[in-house]
Amino acid sequence: MSQPVISLDQVSFAFGTEHVLKNVSLDVQPHEFLGLIGPNGGGKSTLLRLILGLLPPQSGEVQVLGTSPRKAARQLGYVPQFARFARAFPISVEDVVLMGRLKRGRMLLPWRRRDRDSITPTLERLGIDHLRHKPVDALSGGQLQRVLIARALAAEPRILLLDEPTASVDRDGETTLFELFSELKREMTVMVISHDLGFISDYVDRVACLNKQLIMHPTEAVTADTINQLYGEQVQMVHHHH
Amino acid sequence: MGITLALQDFFYALAHQSFLLNALIVGLLAAAAGGLVGPYVVVKRIGYLGGGIAHTVLAGMGIAYFLGASPILGAFICAIISALIIGVISLNQADHEDTLISAFWAVGMATGVLFISQTPGYATNLTSYLFGNLLLTPSGLAPLLALVVAVIGALLLFVHKPLTAVIFDDEFARLRGVPTKALYLLLLCLVAITVVILLQAVGLIMVIALLTLPSALAGHHVGSLGKMMLFASIAGGAFVFIGMGISWVSDLPSGATIVLVCGVSYFFSLLLKRLRS
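These protein sequences, in sequence, are chains A and B.
The C-terminal residue of the first sequence carries number 242 in our numbering, and the numbering is unbroken.
The C-terminal residue of the second sequence carries number 277 in our numbering, and the numbering is unbroken.
Treat the hints with care, since some could be wrong.
One side only, chain B facing chain A, incomplete, derived with CB under 8 Å [unchecked claim]:
{"#": "1", "residue": "V43"}
{"#": "2", "residue": "G47"}
{"#": "3", "residue": "F131"}
{"#": "4", "residue": "F172"}
Derived from the structure by calculation, the hints contain no laboratory data.
A quick note: this is a predicted structure, and the numbers were derived from the prediction, not measured.
Glycine included, every Cβ here is placed at the ideal spot set by N, Cα and C.
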C-alpha cells in the first residue's frame, strides 16, 4: 500500500472541557474518495480543520502529504460549509475563484490576463462560466456553493476537502456534484463531509463514521441501509460509554 | 446673491487667492486618500476603528504642539502607533477590538487636551484640530500630502489582491499562505495615515464622514472595490469642492459644510438605491 496522504494517529481535541474528538486514527490513501458522516457536534468539521492546520491537535499527530498540516496547506483545496464572507461583498465570481490561485510568487500586483484565463476550465467544469462577471450577492445558494468549489479547485490541490458541499443544493445538483467528485478522484484525493448517509455510499470508496470516535466502513461491504443501521447503533454505543 | 454670482465669486477667489487654491488642493488630496482607503473600511466594517484612531491622534498633536514640534508629524506618529497597538492586541484576542478602540479614543483625547491646555494660546488651534479649517492650511502641506497619497496608491496597487482576500475570507487566505496578520496591520496603518490627511480637511471629530460616506455611497452603485475607489475619490472631491464653495460664499465653517454635503449626498444615494430596488 502506498504512503497515506492524510494520516491521523490517536488524535484528540476538546473545546474547553468538551471532548470533540477522542483517539481518532485515520489513514487516507492517494486518490481515495472518502465520505465522513456523523451527527451534528460529532466532530466532523473539527477533524477537517485539524487536517487543514486551522486547529492544532491537543494530543496525537496529524500528518498531511508526509508533513505538518500547516506546511501542506497550500496543496489542499478547502470548501467551507458556510460562506464566511458577507454576501453583499462587492466582488465578482471571477475574483473569488482567483483567490484559489493565490500563492507565494503570485501574491502581489493585480491579476494578469493569463491568470484570469487559467480559471476558465475550472469555471466550465462547474458550469458557472456564464456567471463569471456576476457579483456574488446575485447568486443562488447552489451557485455560490459551486463558486466555493471552483475556488478550491483553482488552487490545483492534491487533496480536496469539502464540508457539506451540497447543503444548499437541490437533489439534481447534488448528483451532478457527486459525479464531479468521483471524476476528480482520478486527479486528487477527495474527502467529503455529508449528512446524507444513503446518498454518498453510491459514490465514495469508504465511509468514516465520526461521533467523537471514528469507525471505518468499506462501502462495498455495506448498503445504504446498513450504513444507516450501523450509524444509529454507533450513536447509541458511544452514548453508553459515558 | 444669486447662485451664478456666488460661483463666480468663488472661482474668482480661487484664481486670485493662493491660500484658497492651496486649501482646495489639500481638500481634494484628502478626498483621494479617503476614496482609496475608505472602501476597505466600509467593506471590512472598521469605521469605528477609523474614528477611534482619529480621536487618539489628538494626543500626538497635543504633545507635538506642547514640544513646539509639527502637530501633523505628531499626528502621523501617534496614528500609526495606536493603529499598530490596537491591531496587535486585537489579533491576539486580549480584548474585544471595540473596547480597545474606546479606551484609545478617550485616553488619546484626554492626553491631547491636557498637553494643549499646558501650551500658551491653545484655544484657536484646538478648534481647528477638532473641526478642521482648510483655510488655515500651511502652504507647504500640499506637496507632502500629494506624496503621501501617491505612496498609498502605489502600495495598494501592490497589495490590493491579497488584502482583498484577507478582508473577504481571512481563513481561506491564510490557507493559501497569505500573510493575513501583516496585511491586516498594514490596512490599519493605511487607515491611520488616511485619517491624518482627512483631518486637515474636516477635523478629527468629523474624519469618519470623509473616510466612509463617499465609499459607502460608491458601494450603492458599483460592484467592485476598485470601482468603489474611483467613484469614492471623485465623489469625495466633488463634496469637498461644493462644501468649500458654499462655506466661502456663505462664510460658514468649511469642515462642517463639507461634512454636511457628504451626509446629504449619502442619504440621497441610499434613498435612490432603495427606490430602484
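Hint-by-hint comparison with the structure:
1. V43: holds (6 Å)
2. G47: violated (14 Å)
3. F131: Violated. Min distance 32 Å.
4. F172: With a closest approach of 6 Å, the F172 (chain B) hint holds.
In the structure shown, a violation is registered for the earlier hints numbered 2, 3, in ascending order.
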